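A.B. asks: Residue numbers (the numbering used here), protein chains in the order written: chain A, 1 to 628; chain B, 1001 to 1234.
Errors might be hidden in some of the hints.
As the list claims (entries may be wrong) - List time: in silico DSBU-like cross-link candidates among lysine-lysine, alpha-carbon distance up to 35 angstroms:
(1) B:K1181 / A:K189
(2) B:K1116 / B:K1168
(3) B:K1182 / B:K1116
(4) B:K1116 / A:K189
(5) B:K1182 / B:K1168
(6) B:K1181 / B:K1116
Said to hold, decoys possible - Footprint (simulated), chain B over chain A, 3 or more residues, beta carbon under 8 angstroms:
(7) 164 to 174
(8) 179 to 188
Calculated from the structure, these hints are not laboratory results. Because the structure is a prediction, the values reported are computed rather than measured. The beta-carbon is built from N, C-alpha and C at its ideal position, and this holds for glycine as well.
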Amino acid sequence: MAFYFVQFLTGLASAASLFLVASGLSIIFGVTRIVNFAHGAFYMLGAYVAFTLTERFSGAIGFWGGIVAAAAIVALVGVLVEMVLLRRIYHAPELFQLLATFGLTLMVEDLVVLIWGPSDLLGRRAPGFKGAVDFFGQNIPSYDLFLIGLGPLVLGLLWLLFQRTRWGVLVRAATQDRDMVAALGVNQKWLFTSVFAVGVFLAALGGALQIPRDAVHHAMDLRIIVDVFVVVVIGGLGSIIGAFVAAVLVSELNAFGILIFPKISIILVFLVMAAVLIVRPWGLFGRQEAAARRTPGLTINPWRPLTSNERLAAVAALALAAALPLIGGNYALTVGSEIAIFVIFAASLHFLMSVGGLASFGHAAYFGLGAYGVAFLAKLAGLPMILSLLLGPLLGLAGAAVFGFFAVQLSGVYFAMLTLAFAQIVWSIAFQWVAVTGGDNGILGVWPESWAASPAHFYWLSIAVAALAVAVLRIIVFSPFGFALRATRDSPLRGEAIGIDGKRIQWTAFVIAGTVAGVAGALFAYLKGSIFPDSLGISLSVDALVMVLLGGVETVSGAILGAIVYKALSIWLVSQTDLSKLVLGGIIVLIVVAFPKGIVGMLETIRQRRPPTPPKSALLTSGIETAE
Amino acid sequence: MKLSVHDLNSHYGPAHILFDIALDVGEGEVVALLGRNGAGKSTTFRSIVGLVAQRTGRILFEGNDVSDQPTHAIVRGGLGYVPEERRIFTDLTVEENLEVGRQPERPNAPHWTREKLFALFPNLAEMRGRLGGRMSGGEQQMLTIARTLMGNPSLVLLDEPSEGLSPKIVEQMVDAILTMKKEGVSMLVSEQNLHFARLISDRTYIIERGRICFSGTMSELDARPDIRDAHLAL
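Looking at chain B on its own, in the form it has when it is part of the complex (with noise of 0.2 angstroms):
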């Protein structure tokens, strides 16, 4: 397994938002985490990465238990994220942005350059120099992926990629993911989007309230549409 959480619970300040959160992403494969606003996708993702102070649970990434790692030793460990709100630098430009992601080639991972993610985001290469402030929702979303694949992850959570984007870029990204999946990085998607995360994904979860209430492929997802009706607004 790349990456096993276990028994996650995770509180801010005195309520309870995360309840025996347990999932795997296998080698190579790209999981699908599915909910509405607030079921606690994002809050997941950043539990994962230890951004939730107050967080019980176990969290095997290549099989190391990394649940006490501050969030820059779990990212320097090849686990890369991507936040839902983008978080570019504003005041920096393209190119500076994905400096400051930039880390070491590592064995087990593809190794990414700066003309390589050009190449998979061919709109920032025309805007090395703009400021991250000056670009559009879309602009920035490729620029926040490839900041983070800068970091050469073997794995990347992605926060709800699709999230705002016109139709045409959505396109664009599940082009992206599916190159970045070729490529060979793990991938744990967050999503409210059902038909983007058919296009990208190869098992799914769904979570609800702050507990996974559903786990296993699309098909078998599609077998079940009473649970995608109950938890997914489509």
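If we strip away everything but chain A, and leave its shape as in the complex, we get (with noise of 0.2 angstroms):
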């Protein structure tokens, strides 16, 4: 009995910093409708600071006091970054501020490497919580009996600050309605700045006072944000108290969860979470969200089908791709069948995000899924390569099957976030079960049969996939299902009220788009002869949306080039720097604010410039009624 307590005690110190984090993203999504990617950058530099900090002073005043300095100077740099980069996206969509503060993440995690060095580093005791408390029999580290009395501290603390003071008032008013808060003299840009600053500071100090319990360590941030996310989920976001809840009921579960489950200790989380979903969308104690601003935010030039010239010109770009053995060496041929992989993988994305409207931010998830199942079933059940290619994508079938039935009864922020922790589950359980899957180690020994071995037939099958999988894609954007995508897309009311099941279309969307990445995944195993966790992972997922972004997220080709160019770039990007995740994170961050239409997208814009657009019609001016 006594193990199980000291078990719930432990769980509980966990939630005293999953809380501070999580109800800084909270914060800060409530007032700036931003979800902060980088909360768990911010986490891991509280963590860092605080090290150098504590390291640097002694004593008690030194520990304590670097404890918080190291949060206050976080939330400068928080600061910082509010001013620079936020307040040039507050009014983009949605998906632009995620990949944004992801590609802040990107940075972050080169930059604390470059500073701290890759190794994990141990940080001081904390003086006067040194011991551990006994209780019967069971040792309780003291600290932790400190962690666990600060959680509900700060959460009072918290609402003190918001229920009793002028700052917390105008905060809760512009949650509600920012621009009548500006209309009544309160200038919104400060209130912004001073929001991120308490969310962040919450957030370092999380990661602060980490250190005397775990190492610190440059993976710390995904780590976190993950967790985050499902807590915000479950207790709603924007709700401190739910922050709260869902933070002491998480990492329960997982304290719990490893005397159950041990191997996957995060099935557990992960049903709770399901079933929250289902019974409040929303978390226990959030609110439904007005209809959020649809994915694709820029002015959308009308999609239509391929002429025939066109269609004649993307055939003899095929043929001139197909052409690449005659000219290229094996090196050529297999950076070549890589980028035709993720060519399937980015238009897969695509028609998740573009058509559907749906961003995820865990589509690796579907194309790992791809590349598991042919493991299994060319190293396991010995199948033949075909068969293996046909079947290996039913397992992401399967799974965008289960995960995208929970993923589409939400949309916007939520949809993204329950997307990145599906995935993140299935790669914990692909990194948790090594049994099945060979943990870390992967699978390896997954070779091709002989016809398609060498580097140029195994090519001329990546492409001819690619072509029949974009073939298909795009015939589905022009079909009646297309069509009545898209419709859901735009509005999903109005596809409601003629009929068009929009859950149940988005559902299938998922499932088709999580198949493609399936069969991309699938082909990877082949090509790379292995699969490793890393193949589910997110920073695999991110890869997609930044190869969709980059070419156009609002055309109907742009995912394919975007695909060539990015990967070709990140191929040689690697082969040339060390900090290649700095200059991606760059990279993705001046996209975001400086070229959101993409490449397609802006050779589109220029192509339909026009002299300026004739006078105004009478009957435009004459709508003036139904614009007020």
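Take the two lone chains, each set in its own frame, and fit them into one complex as the hints suggest.
C.D. replies: Given below as structure tokens:
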């Protein structure tokens, strides 16, 4: 019994940091409507800065002062980020905000390695809390007890801040109606900046307080951000009390999940999250958001099928690509195959994101599932390559069917967070379930059969499948199903009113996109000859997002060009610099701020630029009644 | 002049909404802006306080050109705005709603305190701790005016204060506006209701399809039944 109680207390202690970070994310979202992906990065920075300060200054004052000072310093960094970057994108579609803050995360990851080195750092123990308390023969670190007390204390302080100060009243008012707050004479800019500073302070404090418990390392950010997303999805975005309750719930589920399913402890959290989403889609303490801004928020050129000339051009381009083995060596062909595979992957995400309006932040899950599907079939069942390639993606289909069912119940940022959390769960399973997946060692020796073994043959196979996949997706875009999907994207209510079952259409689109991603993953497994959990990871999901964004979210064919340019660029970058994440993150931020339409979008704009629009007709001016 | 607007043109996207609007409000004056639904009254107000992104023209408030200032700066200068849709903060109590509107005292404008406002709108005094979302339409209308007055404005743009209110509340609203006027607040009030406008205003403009098509006193308007009937739904 005592053991379970201690386990319970350990869970509560872990909840403290999780709550700090999640409440910070919630507060920022409440006012600015930005889901700050970089929140995990601020958490990590808090830990690193606190490590340095507590090493430098001795004694209790040095330690506790260092913790608070670290949080304050990181909050200042946050203020800088808000003023330089976020102020430019407050009116951008939420996908762009998520991507920009993710780009920031990538940059911070490389920067901390640059400053503090790649190895784990062990921080000082907290003065006064070095020992352990004996509880019926079980030891509880006294620092854990301190954290257990701290959580409710911070909750109380935040409550006072929001209920009893003018600043708190203004923030709560702005959460509801920012424009009205401005119309009452409040400078929103500084309100936003101060809110961001408070949110970042909480995240950094959460990180700083972890140093006596855990090693500081440069992957802490992604680990916490996934937990935080799960917490805010369960608790409800924007609710501080929800963040507290959900942080305790998730931490306890983790603490006891290890006892129940030691191999796949994350399953328990997933089951609870699924249950909450079915009963209360906006979280335990959340409330339904007004319809979010549609993912593509810029002016949309009407889509049309290719003209016969354009079709000829596409075929010619394909023929040209197929001629690569005549001039390229084996390395070029392998890179070519990889690019073709990523064209399939990016096209599948584009289908979900641009056509369906559902920006998934966890699309790699289905890519990876397809790859694992092939590995299981080829290695464990010993099926021939053709059969494996055909059946392997079915694992991606199955995963998309299960997760997609829950994900399409939500939209906007909730959809993005949920898909990310799902992908991370699949990753955890692949990572933890060593007996089946080989864990971190992966599954090796998935080689193509002799007919496809030579680089040229495999390259032809890859571009053939890529051409087929792109053609099929394009046909679907211009099919009745595609029209229904786009109608649901643009106006769910009007779609429902003419008899379109929106959720079902979106679910189908999710499954289609997941299956096509699975096809890409299946090829990828054969290309590499092996499969690792990385193929399900967040960074791969984000790669796909960047490809679509780079090509142009609002175009039909942007994903193809985006994938080619991005993949070639990143292969080249990795060979040129050790700081590829820093450069890549910078590129993402730059695209979002400066070129939100992407390559193809920009080309289309240039091509369509015409002499100034003709004088406005009388019809337009008489329509003012409805415009007011 | 308290407020003078020159050549105001506004657009929503490709649609041109306001055409060369020009109007003045004198010191201590109450001016009515009359017009039908969709004539451009709200857009005029929103343009004056800088809530419409695409607008051109000159807006002089107390002699200063405020056309290029952001909304919060215009309001801080003493130009209060009461939106048509009320936009009460439903999750905040009455007192908290007032707190959001609070601004420092201004030398050239009447100073309002909570107690003074509760005297002006006695209904509000009885529900200081009530959430904005739990109030009736009339109570919300009072609260939204009181909230703007907390900023001690010298001029208030009042967008359709009588809309959707019961006759009894409308009477209270007339009294409140006259009290505000007596205290020295200048007002530009948009209205569809000619009877209401007659009770409170010194002068009137009529707006139709985004253009000012009449300007004059109430008695001058009464002398032109053709204009009245053509542009106002009675």
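A.B. asks: Give a verdict on every hint.
C.D. replies: Results for each hint:
1. B:K1181 / A:K189: 33 angstroms, holds
2. B:K1116 / B:K1168: 22 angstroms, holds
3. B:K1182 / B:K1116: 14 angstroms, holds
4. B:K1116 / A:K189: 31 angstroms, holds
5. B:K1182 / B:K1168: 21 angstroms, holds
6. B:K1181 / B:K1116: 14 angstroms, holds
7. 164 to 174: holds (count 5)
8. 179 to 188: Coverage by chain B holds for the region 179 to 188 of chain A (10 residues, Cβ < 8 angstroms).
When held up to the earlier numbered hints, the structure conflicts with none and fits them all.
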